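Chains as they are written, first to last, in the numbering used here: chain A, 1 to 637; chain B, 1 to 267.
Heads up, some of the hints might be wrong.
[To be verified] Pairwise CB distance ranges (calculated):
hint : chain 1 : residue 1 : chain 2 : residue 2 : range
1    : B       : L242      : A       : G366      : 41 to 49 Å
2    : B       : T263      : A       : S471      : 52 to 60 Å
3    : A       : D388      : B       : W246      : 45 to 53 Å
4    : A       : A180      : B       : M79       : 38 to 46 Å
5    : B       : E43       : A       : D388      : 47 to 55 Å
6    : A       : E137      : B       : G73       : 27 to 35 Å
7    : A       : G546      : B       : G211      : 44 to 52 Å
8    : B       : F20       : A       : G485      : 34 to 42 Å
9    : A       : Y628      : B       : G219      : 53 to 61 Å
10   : A       : Y138      : B       : G211      : 28 to 36 Å
11   : B       : E43       : A       : Q151      : 46 to 54 Å
12   : B       : V74       : A       : T611      : 26 to 34 Å
13   : B       : K3        : A       : R530      : 34 to 42 Å
[Claimed, not checked] Computed from the model, here is a short list of chain B residues facing chain A with C-beta under 7 Å:
hint : residue
14   : M32
15   : I63
16   : V133
17   : A154
18   : L186
19   : P194
20   : Q196
21   : D197
22   : P230
23   : E232
24   : A255
25   : T260
26   : W262
By construction, these hints were calculated from the structure, which means they are not laboratory data. Note that the structure is a prediction, hence the values are computed from the model and not measured. Glycine included, every Cβ here is placed at the ideal spot set by N, Cα and C.
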Amino acid sequence: MKLDARIPAGPIEDAWDNAKFEMKLVNPANKRRHNLIVVGSGLAGASAAATLGELGYNVKCFCFQDSPRRAHSIAAQGGINAAKNYQNDGDSIYRLFYDTVKGGDFRAREGNVYRLAQNSVHIIDQCVAQGVPFAREYGGSLENRSFGGAQVSRTFYARGQTGQQLLLGAYQALERQVDAGQVKMLPRTEMLDLIVIDGQARGIVARNLITGKLSVHLADAVILATGGYGNVYYLSTNAKGSNATAIWRAHKRGALFANPCFTQIHPTCIPVSGDYQSKLTLMSESLRNDGRIWVPKQKGDKRRPDQIPEVERDYYLERKYPAFGNLVPRDVASRNAKAVCDEGRGVGETGLGVYLDFAEAIQRLGVETIRERYGNLFDMYQRITDEDPYKVPMRIYPAIHYTMGGLWVDYQLQSTIPGLFVLGEANFSDHGANRLGASALMQGLSDGYFIIPYTVGNYLASNKLKDVKASDPAVQEALASTQQGVARLLSIRGKRTVDSFHRELGKIMWDDCGMSRTFTGLKEAIGKIRALREEFWQNVTVPGSGDDLNQSLEKAGRVADFLELGELLCIDALERNESCGGHFREEYQTPEGEAQRDDEHFSYVAAWGYTGAGNKPELTKEPLEFVYVHPSQRSYK
Amino acid sequence: MMKVTLTIWRQKNPGDKGRFVSYPVEVVNGEMSVLECLDVLNEQLIEKGEEPVAFEHDCREGICGTCGFMINGVAHGPMPATTICQLTMRHFKDGEELVLEPWRSRAFPFVKDLVVDRRSFDRIIQAGGYVSVSTGNAPDGNAIPIGKEDADRAMDAAACIGCGACVAACPNGSAALFTGAKIAHLGILPQGRPEQDRRAVRMVAQMNVEGFGSCTNIGECTGVCPKEIPLEAIAKMNHDYLLGAWKERRQVVTAITPVTGWTFGEK
Numbered sequence: 001m002k003l004d005a006r007i008p009a010g011p012i013e014d015a016w017d018n019a020k021f022e023m024k025l026v027n028p029a030n031k032r033r034h035n036l037i038v039v040g041s042g043l044a045g046a047s048a049a050a051t052l053g054e055l056g057y058n059v060k061c062f063c064f065q066d067s068p069r070r071a072h073s074i075a076a077q078g079g080i081n082a083a084k085n086y087q088n089d090g091d092s093i094y095r096l097f098y099d100t101v102k103g104g105d106f107r108a109r110e111g112n113v114y115r116l117a118q119n120s121v122h123i124i125d126q127c128v129a130q131g132v133p134f135a136r137e138y139g140g141s142l143e144n145r146s147f148g149g150a151q152v153s154r155t156f157y158a159r160g161q162t163g164q165q166l167l168l169g170a171y172q173a174l175e176r177q178v179d180a181g182q183v184k185m186l187p188r189t190e191m192l193d194l195i196v197i198d199g200q201a202r203g204i205v206a207r208n209l210i211t212g213k214l215s216v217h218l219a220d221a222v223i224l225a226t227g228g229y230g231n232v233y234y235l236s237t238n239a240k241g242s243n244a245t246a247i248w249r250a251h252k253r254g255a256l257f258a259n260p261c262f263t264q265i266h267p268t269c270i271p272v273s274g275d276y277q278s279k280l281t282l283m284s285e286s287l288r289n290d291g292r293i294w295v296p297k298q299k300g301d302k303r304r305p306d307q308i309p310e311v312e313r314d315y316y317l318e319r320k321y322p323a324f325g326n327l328v329p330r331d332v333a334s335r336n337a338k339a340v341c342d343e344g345r346g347v348g349e350t351g352l353g354v355y356l357d358f359a360e361a362i363q364r365l366g367v368e369t370i371r372e373r374y375g376n377l378f379d380m381y382q383r384i385t386d387e388d389p390y391k392v393p394m395r396i397y398p399a400i401h402y403t404m405g406g407l408w409v410d411y412q413l414q415s416t417i418p419g420l421f422v423l424g425e426a427n428f429s430d431h432g433a434n435r436l437g438a439s440a441l442m443q444g445l446s447d448g449y450f451i452i453p454y455t456v457g458n459y460l461a462s463n464k465l466k467d468v469k470a471s472d473p474a475v476q477e478a479l480a481s482t483q484q485g486v487a488r489l490l491s492i493r494g495k496r497t498v499d500s501f502h503r504e505l506g507k508i509m510w511d512d513c514g515m516s517r518t519f520t521g522l523k524e525a526i527g528k529i530r531a532l533r534e535e536f537w538q539n540v541t542v543p544g545s546g547d548d549l550n551q552s553l554e555k556a557g558r559v560a561d562f563l564e565l566g567e568l569l570c571i572d573a574l575e576r577n578e579s580c581g582g583h584f585r586e587e588y589q590t591p592e593g594e595a596q597r598d599d600e601h602f603s604y605v606a607a608w609g610y611t612g613a614g615n616k617p618e619l620t621k622e623p624l625e626f627v628y629v630h631p632s633q634r635s636y637k
Numbered sequence: 001m002m003k004v005t006l007t008i009w010r011q012k013n014p015g016d017k018g019r020f021v022s023y024p025v026e027v028v029n030g031e032m033s034v035l036e037c038l039d040v041l042n043e044q045l046i047e048k049g050e051e052p053v054a055f056e057h058d059c060r061e062g063i064c065g066t067c068g069f070m071i072n073g074v075a076h077g078p079m080p081a082t083t084i085c086q087l088t089m090r091h092f093k094d095g096e097e098l099v100l101e102p103w104r105s106r107a108f109p110f111v112k113d114l115v116v117d118r119r120s121f122d123r124i125i126q127a128g129g130y131v132s133v134s135t136g137n138a139p140d141g142n143a144i145p146i147g148k149e150d151a152d153r154a155m156d157a158a159a160c161i162g163c164g165a166c167v168a169a170c171p172n173g174s175a176a177l178f179t180g181a182k183i184a185h186l187g188i189l190p191q192g193r194p195e196q197d198r199r200a201v202r203m204v205a206q207m208n209v210e211g212f213g214s215c216t217n218i219g220e221c222t223g224v225c226p227k228e229i230p231l232e233a234i235a236k237m238n239h240d241y242l243l244g245a246w247k248e249r250r251q252v253v254t255a256i257t258p259v260t261g262w263t264f265g266e267k
């Protein structure tokens with residue numbers, strides 16, 4: 001297979017404008033004749049469904065939660081980047097583009113990233129117009145902060161709840177279209193298969209989570225905006241319901257899966273406290289603007305932090321990276337935390353933690369300023385740990401947070417199945433091997449508000465789509481195989497719970513394919529995952545029936561998919577014999593222990609094709625070209 | 001290590017006659033949340049071949065609004081400004097009994113065990129909880145200055161997570177705090193003012209059609225609200241409603257027909 005990314009020719013500054021002009025348009029009167037499916041109602045899905053409804057398309061939007069407002073975009077804390085340069089500190093579209101390509105460790109497409117930076121400024125305008133209550137200066141203008149390794153202040157925020165406010169903006173726009181009759185919302189309905197007819201995506205099979213009924217929904221195009229696959233690690237900062245089922249089943253129907261091994265570990269989460277733990281709680285990395293990270297210089301130092309004198313503390317990020325200090329990108333901060341803990345200098349009961357200390361900032365700025373900036377985060381930390389971060393340094397440790405990989409899409413956000421579009425975290429497109437802070441919200445909304453409305457129209461206007469009926473053999477096959485899949489899970493009646501399999505998979509993934517990876521570890525992990533998958537299909541137990549609300553059954557289907565995706569993730573990590581961004585192979589590092597890329601051999605997107613159960617997936621490479629930002633060793637020293 | 005008893009409302013579906021069932025649970029660490037306690041119990045039930053307790057949850061960090069039930073008669077349990085997913089077991093005593101019940105309200109039809117249907121909230125938003133600005137219509141973000149005080153007050157109201165605790169706690173089953181929060185958030189900001197009258201009139205009408213009760217200023221709602229939405233949101237709603245009803249009195253107000261049941265006309 002040859003992959004055509006359809007990047008427009010010509011200067012990068014004009015590429016998106018030219019592409020928009022080249023795209024075919026659907027006549028306003030014809031838009032209402034087109035049915036579109038949007039799966040997922042987070043920032044990307046809700047913004048896409050709302051905007052397509054505004055344009056006059058008939059849209060059906062699906063989410064598995066009880067309301068579209070629950071989608072996990074809601075939990076993003078820190079902010080959203082935009083190249084507004086309101087602060088007059090030297091920001092520009094080009095600089096945001098440059099930072100994102102470099103931050104992604106030169107594994108993203110320049111064309112896509114440039115467009116993202118261009119759209120960033122429109123996103124802020126749109127959200128303000130919707131009534132998103134961004135932080136303001138006393139004079140009434142929008143406030144910005146520096147965030148996650150950026151040297152300019154380009155991050156817009158709404159307290160520590162930026163994702164919530166942006167999602168509510170998109171949700172409200174979506175509900176406005178529901179009221180207008182343009183969007184039909186189907187909550188508590190989970191996509192379980194993609195319907196492909198004559199090579200084109202023409203619908204989905206979905207399960208009503210209350211009645212258990214399977215149903216077929218046909219359309220002229222299908223848009224997946226179902227988020228990332230971080231829960232393959234079991235413990236992550238994702239919501240408990242976040243899953244990869246929609247994208248994985250589309251993958252099994254022919255959509256290539258790109259760069260699955262590019263996963264992001266967030267450096268500032270509350271450390272694990274026990275086996276019962278169900279998820280990890282993120283502490284926004286905006287905390288690193290004022291908090292100083294340290295561990296004791298001495299191994300196994302069990303003294304309380306206030307008893308460790310200044311000279312016996314190692315502010316290791318400030319020491320190793322004087323230019324960026326505590327604000328180094330996420331991958332660098334996470335690896336260094338792991339390194340000091342591996343040396344035996346970690347803190348807390350488990351030894352898997354480092355201090356994030358605000359004492360100096362409180363002294364410099366006063367408690368009130370710190371409370372104003374981070375009050376809700378400090379409260380959340382105290383609720384969970386019962387420690388007061390105004391007095392005692394926080395303990396933090398890295399956790400799986402975001403997945404840069406996802407379904408392969410071209411510049412038009414179309415997957416390798418014509419008519420199947422993928423938006424937001426579910427696609428692989430813009431962040432390369434590492435995502436910069438405050439960029440996920442930007443990408444979700446750029447895809448949904450400003451890209452898909454053009455590209456889906458172009459697809460509909462350039463393709464003659466025949467009428468399809470529910471009686472089509474492809475529809476019946478998809479429905480029957482989904483039915484069998486559900487019945488099979490219920491019929492095993494083994495001895496182990498779904499969660500116990502999920503936990504075991506997560507441990508394998510975290511140990512062997514987490515913050516650092518090795519050839520031997522990955523080989524072993526693949527074997528262990530295969531064995532675990534086999535056991536799952538022999539010995540899982542799913543109580544209850546398939547015709548009412550059955551949360552174990554929902555989980556079982558998702559974990560079955562994670563058991564396949566986890567293997568592909570390890571295969572991809574094994575194949576990529578280099579370190580870049582979030583993918584750190586111990587064999588490939590600089591003498592200082594930094595990630596060592598191999599541009600000569602690995603400057604490509606690895607897109608994997610499904611070749612049947614148990615078969616080796618097929619790799620297709622999309623070479624990456626860098627015309628504007630020249631690959632260099634990332635240095636934050 | 002301590003032991004607690006979870007006494008949980010079990011009801012298979014709206015047609016089933018519900019009952020309380022008591023389960024002993026061991027708490028290994030005070031940092032465990034109430035939901036993690038339920039996870040542990042459910043694992044044990046599944047291993048015994050019984051059906052686990054159905055409860056709703058998603059982000060488990062207090063922001064998605066999915067979780068929520070009554071603990072000993074208090075919505076989201078005893079800690080102020082805390083959702084159930086962030087309520088840790090250290091706040092309970094060894095040997096304590098926790099009685100868990102679903103939100104009970106006419107406008108939240110029952111689904112299963114601790115799960116109810118809160119789509120009435122979505123319909124209240126559909127009735128006007130937005131600014132009618134389509135994508136592409138926006139002026140520059142700094143074109144209209146908004147003073148910090150106004151932005152902060154709007155944010156206070158916008159922090160609502162739509163969990164439904166306010167309704168469950170209210171003796172009248174009123175949704176005034178939820179509705180008022182959205183009316184206040186948008187009504188304070190210049191972007192929301194053009195639709196202020198219409199929004200208040202339609203959202204209040206929808207609230208009534210859904211079967212929520214009237215507000216009599218008791219204040220239980222704000223007491224249990226995990227985001228501490230202030231009671232002044234209701235005052236703002238009443239203010240906007242009165243003005244709007246007077247200004248728009250000749251207009252016919254159409255409400256959205258509430259949907260119950262879970263079929264979406266699937267084929």
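Going through the hints against the structure:
Distance hint check: the CB atoms of L242(B) and G366(A) are about 43 Å apart, consistent with the given range 41 to 49 Å. For T263(B) and S471(A), the hinted distance range of 52 to 60 Å is not satisfied, since their beta carbons lie about 21 Å from each other. D388(A) and W246(B) have their C-beta atoms about 50 Å apart, which keeps the hinted 45 to 53 Å range intact. Taking 38 to 46 Å as the suggested C-beta distance range, the pair A180(A) and M79(B) conforms, at roughly 41 Å.
Between E43(B) and D388(A) the beta carbon distance is about 33 Å. The supplied range of 47 to 55 Å is therefore violated. The given range of 27 to 35 Å is broken by E137(A) and G73(B), whose C-beta atoms sit roughly 45 Å from each other. Between G546(A) and G211(B), the C-beta spacing of about 32 Å breaks the proposed range 44 to 52 Å. In this structure the supplied range 34 to 42 Å holds for F20(B) paired with G485(A), their Cβ-Cβ distance being about 36 Å.
Between Y628(A) and G219(B) the CB atoms are about 59 Å apart, so this pair conforms to the stated range of 53 to 61 Å. Checked against the hint of 28 to 36 Å, the C-beta distance between Y138(A) and G211(B) comes to roughly 44 Å, which is inconsistent with it. Distance hint check: the CB atoms of E43(B) and Q151(A) are about 48 Å apart, consistent with the given range 46 to 54 Å. Our hint of 26 to 34 Å for V74(B) and T611(A) is violated, since their Cβ atoms are close to 55 Å apart.
A C-beta distance of roughly 40 Å is found between K3(B) and R530(A), which places it inside the suggested range of 34 to 42 Å. At its closest, the beta carbon of M32(B) sits 6 Å from a beta carbon of chain A; the interface hint therefore holds under the 7 Å criterion. The beta carbon of I63(B) comes within 5 Å of a beta carbon in chain A, closer than 7 Å, and the hint placing it at the interface holds. The beta carbon of V133(B) is positioned within 7 Å of a beta carbon in chain A (closest approach about 5 Å), and the interface hint is therefore held.
A least Cβ separation of about 4 Å between A154(B) and chain A falls short of the 7 Å threshold, and the interface hint therefore holds. Checking L186(B) against chain A: minimum C-beta separation of about 5 Å stays under 7 Å; hint holds. A hinted interface residue such as P194(B) counts as satisfied when its beta carbon comes closer than 7 Å to some beta carbon of chain A; here the least separation is about 11 Å, so the hint is violated. Interface hint at Q196(B): violated, since its Cβ lies 11 Å from the closest Cβ of chain A, which is beyond the 7 Å cut-off.
Taking 7 Å as the C-beta cut-off, the interface hint given for D197(B) is violated, the closest approach to chain A being about 16 Å. The beta carbon of P230(B) is not positioned within 7 Å of any beta carbon in chain A (closest approach about 15 Å), and the interface hint is therefore violated. For the restraint placing E232(B) at the interface with chain A, the shortest Cβ-Cβ distance is roughly 16 Å, beyond the 7 Å limit, so the hint is violated. For A255(B), the interface hint is violated, the least distance from its beta-carbon to any beta-carbon of chain A being 11 Å, above 7 Å.
Interface restraint check for T260(B): the shortest CB-CB distance to chain A comes to about 11 Å, outside 7 Å, so the restraint is violated. Checking W262(B) against chain A by beta carbon gives a least distance of about 4 Å; that is within 7 Å, so the hint holds.
The structure fails hints 2, 5, 6, 7, 10, 12, 19, 20, 21, 22, 23, 24 and 25 (numbered hints given earlier, in ascending order).
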